[in-house]
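Enquirer: Protein chains in written order, with this note's numbering: chain A, 1 to 246; chain B, 1 to 94; chain C, 1 to 207.
No lab work stands behind these hints, which were simulated from the structure alone.
As the structure is a computational prediction, the values presented were derived from the model and not from experiment.
By construction, the Cβ of each residue, glycine as well, lies at the ideal position given by its N, Cα and C atoms.
Keep in mind that a hint or two might mislead.
[Claimed, not checked] Some residues of chain A that are not near chain B, with every Cβ distance over 10 Å (derived):
| id | residue |
| --- | --- |
| 1 | 29 |
| 2 | 94 |
| 3 | 158 |
[Claimed, not checked] Covered, in the sense of this in silico footprint (three residues per stretch, anywhere, with C-beta under 8 Å from a C-beta of chain A), are these stretches of chain B:
| id | segment |
| --- | --- |
| 4 | 12-19 |
| 5 | 23-33 |
| 6 | 36-49 |
[As the list claims (entries may be wrong)] Computed spacing ranges between beta-carbons, pair by pair:
| id | chain 1 | residue 1 | chain 2 | residue 2 | range |
| --- | --- | --- | --- | --- | --- |
| 7 | B | 43 | A | 78 | 28 to 38 Å |
| 8 | A | 167 | C | 146 | 56 to 66 Å |
| 9 | A | 77 | B | 65 | 31 to 41 Å |
| 10 | A | 233 | C | 106 | 47 to 57 Å |
| 11 | C | 108 | A | 48 | 50 to 60 Å |
| 12 | A | 3 | B | 84 | 17 to 27 Å |
| 13 | A | 183 | C | 16 | 40 to 50 Å |
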Amino acid sequence: MNRPLQWQIATIAAIRPETPGVKTFTLDLPDWMPHRPGQHYDLRLRAVDGYEAQRSYSIASAPETKGQVQLTIERINDGEVSGFLHDVAVAGDRIEVRGPIGGYFVWEVPLGGPLMLIAGGSGVVPLMAMLRHRAAAGSQVPARLLFSARSYDDLIFREELDRLGADGSGLEVVYTLTRSQPSGWRGYGRRIDPAMLATVAGPLGRTPLCFICGPTLLVEAAANGLAEIGVPVSRIRTERFGPSGS
Amino acid sequence: MEAVDDDLNRAMMLDGNAVAGRFFALFGAEMTANLTECASCGQDHMMGALHAFTHAPGVVLRCPSCEAVMFRLVETPRGIYFDARGAAFVRIER
Amino acid sequence: MADDFVTRGFVGRRQITSAANTQRIPPGQHEVKDFPVLSAGPTPRVPLDRWSFSIEGFVREKVSWTWDEFLKLPARQFTVDIHCVTTWSKLDTRWTGVSVDTLLEHVDLDPRAAFVTAYTIEGYTTNMPLPDILNGRAFVAYEYDGLPLAPAHGGPARLVVPHLYFWKSAKWVTGLRLMDKDRSGFWESAGYNNHGDPWKEQRYTGD
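Isolated chain A (complex conformation) (with noise of 0.2 Å):
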């Protein structure tokens, strides 16, 4: 389908704090158009004398959702733009987007599964649309999420994931906590390895469609983790991310 990709002005209708470093900022743009759940948008900064700053950044929200768009960002030390719009940015402000862009790593319902995702981090966000748009849709594709955070606080969406993973849908969240953990955890605690990722996706059988989003290592860890557990290469695809935070 082959549409014009323009730069529009949307408007910042909210800010919402999600976890220490993480901020889900609703846009209303001019020129909505639904997005296949795992694009992103492209967003600009422009300075008064025309220096540029521009990131991609995955869209949080279902299709659904309609004339808005959610964008759930890091703060990056030290970020150019993740900085400003953590700092400065405020509800009403605007901000050139560019998008929906992306067409390898996406998903609709229609694709069918079952599904594995793994996230690592803010590389939960593109899945979040996934599931969102799973949980809009009705859909019973059976799925997991496996979620690598740093510590419990870091789990962005936990609420709602666990909504979403008691739901009786067919979806299963498991969370691994890899630097600490709270007490009396009894998840995970620790790097995603093929045994983890065996007991995790082996209800999936032997070839769920998988989505892995997040830092390069942790992509690459799981992608050749779930290559050793047998599941072909060709139903596996992954979205790097820049390194996070701290």
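Here the structure of chain A is known, so what remains is to put chains B and C in place on it, guided by the hints.
Expert: This is chains B and C only, laid out in the frame that chain A set:
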């Protein structure tokens, strides 16, 4: 495909998804789901899966199998240089 | 209309250069205090016992040094300003290394040698007219700020040619090839200027 923990350049590596917008502006269509073949090792990959080095004077896209340079993208005031000598072909789906 | 849009409150991360230093910043550049890492690929790894540096091409005889031999060459400290085509400049960077003049004392240049290509372990190349690396204009550095040059910044050794844009200062350099004809390197053949003088803002082909 080994990942070395202390390699800063590899840690900052992204993939073809990161330049999807630039590809769209160049080709007028989504490119990340299109297949391309490495001229060096012959492996096929989707454009979205290529290793992307974006912290450079231009964007360098490398084959995930053998790391050979497949594409270079440089935006200049006079135009965009798109060097594809490292790719045997790109299959553009209708 | 979108071309005129300005983002409220955004100024970017540029350093304000002191009045004393503004003359040291070429046009279109801004000063940084950190040391950005740019690379066209993953960091190549070369064990020092397999590292070598060569001068070859239009010379009477190719010359090579092992790492141990290279460290025995007369070296000195260089303090230079560097300018990256991506618009950052860093002042007073301190390096330790061997002047290219010192290296060239060990070869007989063919009179037809007019250009040089610096090459690296993993295929990156960059090219210059021969005079751009003579008379103190270039050195091969293996220390930065008093410490061994970090791999991400080009270690074990890199070329440093501070009077040209920093893409000419090839990281992970393993040799210089003297040539009679100019041959565009990695970025020069992909849209960047063949010469790259920051004071003339020779960034792109055709500048």
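Enquirer: If you test the structure against every hint from before, which numbers come out violated?
Expert: Hint check: nothing fails, all pass.
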